[in-house]
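The whole structure should be built from the sequences, with the hints applied where relevant.
Protein chains in written order, with our numbering: chain C, 2 to 70; chain V, 3 to 312.
FYI, nobody ran anything at the bench for these hints, they're computed from the structure. Each residue gets a CB set at the ideal place from its N, CA and C atoms; glycine is no exception. A portion of the hints provided could be inaccurate.
[Unchecked claim] Think about it this way: if two alpha-carbon atoms lie no more than 25 Å apart in a straight line, the pair counts; the simulated DSS-like pairs of lysine-lysine are:
1) LYS15(V) x LYS8(C)
2) LYS25(V) x LYS7(V)
3) LYS200(V) x LYS233(V)
4) LYS71(V) x LYS200(V)
5) LYS268(V) x LYS200(V)
6) LYS31(C) x LYS15(V)
[As the list claims (entries may be wrong)] Not everything, but these chain C residues come out facing chain V in the computed CB check (under 10 Å):
7) HIS15
8) GLN16
9) GLU17
10) THR36
11) PRO37
12) LEU41
13) ILE43
14) GLU47
15) VAL49
16) THR50
17) GLU51
18) GLY69
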Amino acid sequence: MIRPAMKVLVTNPHQELEVPGPTRVQQLLKRLDLTPEAYLVIRGDELVTEDTVLQDSDSIEIRSVISGG
Amino acid sequence: MRCRKCAHPAVIKMPRHNTSLCKDCFTEFVHTQVRRAIKAHRMFTADDRILVAVSGGKDSLTLWAILLKLGYRADALYVDLGIGDYSTRSRQKVQCFTDTVAAAFQSTLHVHTVEREQGAGIRELAMLVHRPTCSTCGTMKRYQFNRVAVEQDYDVMATGHNLDDEAARLLGNVLHWQTDYLDKQTPALPASLDGFAKKVKPLYRLTEREIAAYAVIHHIDYIVDECPMAKGSKMLTYKHALNRLETDSPGTKHTFYLTFLDRQAKQQETNGKITEQDRQRLHPCTTCGQPTSTDVCSYCQMMAKAKAHV
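Put into structure tokens, the structure is as follows:
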């Protein structure tokens, strides 16, 4: 049986991933080698802090906040 | 994680302030930082008419939203650069914000369409004049924002530049010792001559992450994608480097830029104000009349070169 995993969308560069939960936001960013200062983590339409535990049923957006040329 | 102020659930951790805040306390924090910036640099008053330069991105739409919420008289100008689908989507974001938020404050959106007014989009213009697209875009936007602000009698023009923008620009200027640019890197530039609008940056005390968080919390629908022309830009390299430093040592960007501003203020007391320097150095462009240090301003030179190739 395939275990369900949380859906993770990363913007800039665009990536769609499936990551097994539960995992903390901080661990997820570290696993993806993303600098916390450059991203926001959004569950549904709510911001979550780095100690939040994410579950398999969650849909997560990791949004880059860097802009400008 | 709990809010450091009221113990409600936190929505953001801010290591540079060694704190975490809930939605309401974070909103108040952002408004306080903007009020402090406006007051510290005497940017404008409640009676002034403000023209906000909007792009559809998080910074400019958030700036427009905050100024309206704080009770300022703020209209906006969008310059449609004609960068295919990216410009179409960013214009839609600006129009949507205007209709759903700004209209309730009787605020107006002006639009300048480069393709219609200048005869070609920004990429085509850049190719015609053999300049990088970002540099051509910068010249175009500075010129059009200043022109509209002066022609439509706005007291001040506001841009959404944030702490990351200013720290990255400062790093670039320092790495190349561009001291002329350092003198002008301030959150408020005066209308030093006829033909120059006063220019201010009310978000300079807030990081990109804080501004993006404010936009998410307040459901400001902005274009998340990066401009396709900005890929590989030096500014992005500097921002990534500063964010690595910030993660290891919170407060680095804040200290870097705000300490620079403190030193700059002391130096300008000695070396004379920007207004005096501009009056000695600048005069009207012989083609369009906007202030310039050469006979013909860089915008008119660029457009003359483009027309010669059409």
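We went through each hint and held it up to the structure:
1. Straight-line distance between C-alpha atoms of LYS15(V) and LYS8(C) comes to about 23 Å, which keeps the hinted pair within the 25 Å bound.
2. Between LYS25(V) and LYS7(V) the alpha-carbon distance is near 11 Å, which keeps this suggested pair within the 25 Å criterion.
3. Pair hint LYS200(V) plus LYS233(V) does not hold up; C-alpha atoms about 31 Å apart against a cutoff of 25 Å.
4. Between the alpha carbons of LYS71(V) and LYS200(V) the distance comes to roughly 22 Å, so the proposed pair stays at or under 25 Å and holds.
5. Taken as a hint, the LYS268(V) and LYS200(V) pair is honoured in the structure, with Cα atoms around 21 Å apart against an allowance of 25 Å.
6. Among the hinted pairs, LYS31(C) with LYS15(V) is consistent with the structure: their alpha-carbon atoms are about 16 Å apart, no more than 25 Å.
7. Annotation: HIS15(C) was flagged as interfacial toward chain V, and the flag holds, the nearest CB pair being 9 Å apart, inside 10 Å.
8. The criterion of a C-beta within 10 Å of any C-beta in chain V is not met by GLN16(C), whose closest approach is roughly 14 Å, and the hint is violated.
9. Hint status for GLU17(C) relative to chain V: violated, with the closest Cβ pair at about 15 Å, above 10 Å.
10. The beta carbon of THR36(C) comes within 5 Å of a beta carbon in chain V, closer than 10 Å, and the hint placing it at the interface holds.
11. Because the closest C-beta pair between PRO37(C) and chain V is about 6 Å apart, less than 10 Å, the hint holds.
12. For LEU41(C), the interface hint holds, since its Cβ comes within 10 Å of a Cβ in chain V; the closest pair sits about 6 Å apart.
13. Given hint, ILE43(C) at the interface with chain V, holds; its Cβ is 6 Å from that chain's nearest Cβ, closer than 10 Å.
14. With a cut of 10 Å, the hint placing GLU47(C) at the interface with chain V holds, because the nearest CB-to-CB distance is about 7 Å.
15. The beta carbon of VAL49(C) comes within 8 Å of a beta carbon in chain V, closer than 10 Å, and the hint placing it at the interface holds.
16. Contact between THR50(C) and chain V, as hinted, is supported at the beta carbon level, the nearest pair being about 4 Å apart and thus within 10 Å.
17. Among the interface hints, the one on GLU51(C) holds; its C-beta lies about 6 Å from the nearest C-beta in chain V, closer than the 10 Å criterion.
18. Because the beta carbon of GLY69(C) sits about 5 Å from the nearest beta carbon in chain V, less than 10 Å, this interface hint is met.
Violated hints, in rising order: 3, 8, 9; the structure is consistent with all others.
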